[in-house]
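Use the sequences and the hints to build the structure in full.
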Amino acid sequence: EAGVVQSPRYKIIEKKQPVAFWCNPISGHNTLYWYRQNLGQGPELLIRYENEEAVDDSQLPKDRFSAERLKGVDSTLKIQPAELGDSAVYLCASSFGRGSYEQYFGPGTRLTVT
Amino acid sequence: EDQVTQSPEALRLQEGESSSLNCSYTVSGLRGLFWYRQDPGKGPEFLFTLYSAGEEKEKERLKATITKKESFLHITAPKPEDSATYLCAVQKNTGFQKLVFGTGTRLLVSP
Chain A
1 EAGVVQSPRY KIIEKKQPVA FWCNPISGHN TLYWYRQNLG QGPELLIRYE
51 NEEAVDDSQL PKDRFSAERL KGVDSTLKIQ PAELGDSAVY LCASSFGRGS
101 YEQYFGPGTR LTVT
Chain B
1 EDQVTQSPEA LRLQEGESSS LNCSYTVSGL RGLFWYRQDP GKGPEFLFTL
51 YSAGEEKEKE RLKATITKKE SFLHITAPKP EDSATYLCAV QKNTGFQKLV
101 FGTGTRLLVS P
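Same order as they appear, the protein sequences are chains A and B. Per our numbering, the very first residue in the first sequence carries number 1; after that it's consecutive. Per our numbering, the very first residue in the second sequence carries number 1; after that it's consecutive.
Everything labelled a hint here was simulated from the structure, so no lab data went into it. Hints are supplied without guarantee of correctness; some may be wrong.
As a list, the in silico DSS-like pairs of lysine-lysine whose alpha-carbon atoms are at most 27 Å apart [said to hold, decoys possible]: (1) Lys-42(B) <-> Lys-78(A); (2) Lys-59(B) <-> Lys-71(A); (3) Lys-15(A) <-> Lys-42(B).
So, in structure tokens, the structure goes:
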């Protein structure tokens with residue numbers, strides 16, 4: 001069974017530029033999560049989707065971050081404009097069913113903002 | 001506020017030298033406590049879920065236990081391939097049920 005797929009794996013951009021990350025969850029998983037992981041820290045939730053609906057986006061910096069999950073499968077996370085402090089690994093995870101507690105993570109996208 | 005504290009930050013073991021990693025947690029209403037393994041450049045890999053005090057889970061050389069305040073990940077006779085960062089996370093039984101992670105323990109097992 002294929003795991004969570006993310007692209008790109010690495011991205012280097014200059015500050016004030018836009019950037020987008022893509023995630024394809026495990027087939028059949030209707031809940032999708034975006035996390036940000038800073039160096040030496042645990043992942044922190046940015047947004048959670050149940051199908052197409054964003055049910056928890058309280059940690060998403062809405063002035064510059066946006067996300068979408070059209071058709072309830074793939075998802076895109078965008079930052080515009082990027083700031084130096086956005087450098088981190090952006091992880092996507094998915095789980096099966098609303099009550100499922102086991103989240104499966106993708107390999108992440110390492111973003112460097114210069 | 002929900003809090004997860006892991007110790008030690010880093011641990012260096014010789015191959016075969018058993019030890020334990022600690023995860024102390026404070027959460028109002030625990031739904032589950034999760035252990036993940038994370039290798040450099042990769043996403044966290046799910047290991048165990050523990051739901052209530054007294055529960056134990058085992059997988060190869062790893063055994064996870066839990067009390068009302070903390071969880072332990074016991075590593076028996078570790079091998080170099082067990083080297084990784086081990087993350088602990090808790091999930092509340094109310095609200096949006098998000099995972100709150102600790103900062104992890106970096107484990108290095110030398111041959």
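Going through the hints against the structure:
1. Of the supplied pair hints, the one linking Lys-42(B) and Lys-78(A) holds, its CA atoms being roughly 21 Å apart against a limit of 27 Å.
2. Taking the CA atoms of Lys-59(B) and Lys-71(A), the gap is about 37 Å. The hint is violated against a cut of 27 Å.
3. Between the alpha carbons of Lys-15(A) and Lys-42(B) the distance comes to roughly 25 Å, so the proposed pair stays at or under 27 Å and holds.
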